[in-house]
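Given the structure of chain A, go ahead and fit chain B onto it with the hints provided.
Residue numbers (this note's numbering), protein chains in the order written: chain A, 1 to 422; chain B, 1 to 422.
Since the hints were derived computationally from the structure, they do not count as laboratory data. Glycine residues also receive a C-beta, built at the ideal position from the N, C-alpha and C atoms. Some hints here could point you the wrong way.
Computed Cβ-Cβ distance ranges for the label pairs, DEER-style [said to hold, decoys possible]:
1) A:Ser5 to B:Glu91: 28 to 34 angstroms
2) B:Leu251 to A:Arg391: 51 to 57 angstroms
3) A:Ser98 to B:Glu91: 54 to 60 angstroms
4) B:Gln167 to A:Thr25: 23 to 29 angstroms
Protein chains: 2
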Amino acid sequence: MTTASVSAEVISVGTELLLGEILNTNAQFLAQELARLGIPHYYQTTVGDNVLRLQKAVAIACERSRLLIFTGGLGPTPDDLTTETLADFFEVPLIERSDVLEDIAQKFARRGRQMSPSNRKQALIPQGAEVLPNPVGTAPGIIWQPRPGLTILTFPGVPSEMQAMWQQTAVPFLESQGWGQEIIYSRTLRFWGIGESVLAEKVAAFLKLENPTVAPYAGKGEVRLRVSAKATSEAEALNLIHPVAQQLRDLAGIDYYGEDEDTLAVAVGTLLKAKQQTLAVAESCTGGGLGQLLTAVSGSSAYFWGGVISYDNHVKINLLGVNADDLTQQGAVSDIVAQQMAIGVRERLGTTWSLSITGVAGPDGGTATKPVGLVYIGLAGPGAGQVESFRYEFGDRGREMVRWLSTCNALDRLRRRLLSRS
Amino acid sequence: MTTASVSAEVISVGTELLLGEILNTNAQFLAQELARLGIPHYYQTTVGDNVLRLQKAVAIACERSRLLIFTGGLGPTPDDLTTETLADFFEVPLIERSDVLEDIAQKFARRGRQMSPSNRKQALIPQGAEVLPNPVGTAPGIIWQPRPGLTILTFPGVPSEMQAMWQQTAVPFLESQGWGQEIIYSRTLRFWGIGESVLAEKVAAFLKLENPTVAPYAGKGEVRLRVSAKATSEAEALNLIHPVAQQLRDLAGIDYYGEDEDTLAVAVGTLLKAKQQTLAVAESCTGGGLGQLLTAVSGSSAYFWGGVISYDNHVKINLLGVNADDLTQQGAVSDIVAQQMAIGVRERLGTTWSLSITGVAGPDGGTATKPVGLVYIGLAGPGAGQVESFRYEFGDRGREMVRWLSTCNALDRLRRRLLSRS
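Next comes chain A alone, as it looks inside the complex:
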């Protein structure tokens, strides 16, 4: 059998998905697993609990894919149609498997519950299919070759059951088939302070590479480059990825801040720890979000000492020493107040550095001169009078987005300052 032609399709069955009542995490799990196993995967389909539409989806999938992976529709209720629809489609009778029935009965007994007649349905398996055991719940799946060159796996929709069945039975089965071509292994490089298109042009030559491939993505205020290698092992993939990632980092320079799950808070923390320096924050419109992001990093107590949430102007005056006249004359959202907040919190906490944020997060509170999205970031550091402030106009992009961009830009300012002095 040529291995090149086996590609997988994930078919998620359930009206609840089409109503948006649940998020399709199964499709993501299976996608990750197929990539890990090196099995190509080009399509995903979601269809409701409807015999006709499910049959049509199966007909299309058979034409374009040779491994069909179903999730959902294996339960005991009349809504659960996957197994009988597949048997109908391939014109094969359903057989009640006594071993499966006994297993279901035992599981009910062990939980001290009565097995209901509707659970009998879960023991019906298309003739010729093998049982894909369910170690967690009652509904088993199937492994079935209804015709040469076509393989079907079915799983319940409950993620914990599906994942246990996948790991215990499906993975060994798939590995034994030799369908795995190359593993696709990826590393994500993260950038702040550069637009997607500018970065893409800077690294244009790399976007044409074939192995590894390099692809840009826009995130929440940031840009990412995904470097994906096809290889027969993780080590080989990393050998392909590493030199390219290094060249990309060199090209991007200071705009590169971390990889994979790194945040700007991780990047700042690593730099502070290396320098044995400390940080405090003074937050107005972000209300604690900067501190929260910093302390999401385990071990952040080594460099982050804390700060003041000065949401109300009295707190700015009383706890941070912001000048009341400046507040009145320049307003809370101003360069001078951002600077005084940074100076105040740094002095009071005795840290090396401090960051402050004051702005109009919206949706209310904007004026002609201080529109929603206007944010000032203050940065104070060692050295007499060393304080700076930075003005941003993020626009009316939603309260949470303005707050998020404020937090990230504050961290990025400190990151650049720390790098410029190393």
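Showing chain B alone in chain A's frame:
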């Protein structure tokens, strides 16, 4: 035009989805929205950044659906293929729209960034299509009838952009078409401080209803009941939902805190505003997360004044007046320190109430007597010496979960206190 025949298909474009690198939250959002608008939605397809496969997916979708909603593939890079693939498929040229180009240029200018030549691509629109404006990012979508009885909408993959465009332009457009049939309208009731099975037993009779249906869900530390009605209008659906929701709220009592997008911070804010009272926070292990949640509510400045992030013990002593001997003898994670933090921040900020949080978020820092997941919450209020503290053992459930549960339980303690005094 008969309205019965219009059904929607969501087509998610992006290799990153097929590699499992991102979760397809867009598909869920659109599914919810289509249900809300009463537009039938029978299929979802996910396909990679590949012209041929995308064309095949379009061909299939045209056969079975009359409203195709695309997300992804509108960016400036060569990977972004949706617009040109659609134009190719329907054999229509792409036209550079000068108004779109100008809008993109202005957005770059406003952010002080250089527009790159590759962004020009985002101004290309199939001949005959209308622009679906993007108020957030640079890439607009399209609204297009490439042939009679077939409508195409395209959106970028970035959720914040897609959602803004959906709300501002797509929803009014779809509503004006009269495609909505039977609406499925849901309301979610939210509960804190009661387990899923206990609540399910309390409301057992309601779980058998047929219209509206009532279904329990477990959330992050909370339980929800979704009440869903089928009707021909939102008003009719709400008439079905309201009496049932009221009975459920009555049955649950104080454990009910809000509905739909309400958070515990919204519930607390509503109570404080009604009483014209104010709140301050002192946060250790949550590092600002409580303040952030409180200030995520627009208008929270009416009752939330701010607080102190006392991550380091020196900050607890210097800014909150926590007794250094108590800190040494009892440790930072103790009843007495939680109480002193609450008293300290309330006195310094002059608010009616204060909340404090101190705990071991993990994964490191746990000991035999103070394990990971041990958290104390302090609550101080008006009246001489009125301070309480509450001990929680959340267990080693991951740093973010321990911090989340700490934040929510702190808010819930204040919510119950405010309700008990009304």
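Against the structure, the hints come out as follows:
no.	hint	verdict
1	A:Ser5 to B:Glu91: 28 to 34 angstroms	31 angstroms, holds
2	B:Leu251 to A:Arg391: 51 to 57 angstroms	53 angstroms, holds
3	A:Ser98 to B:Glu91: 54 to 60 angstroms	58 angstroms, holds
4	B:Gln167 to A:Thr25: 23 to 29 angstroms	25 angstroms, holds
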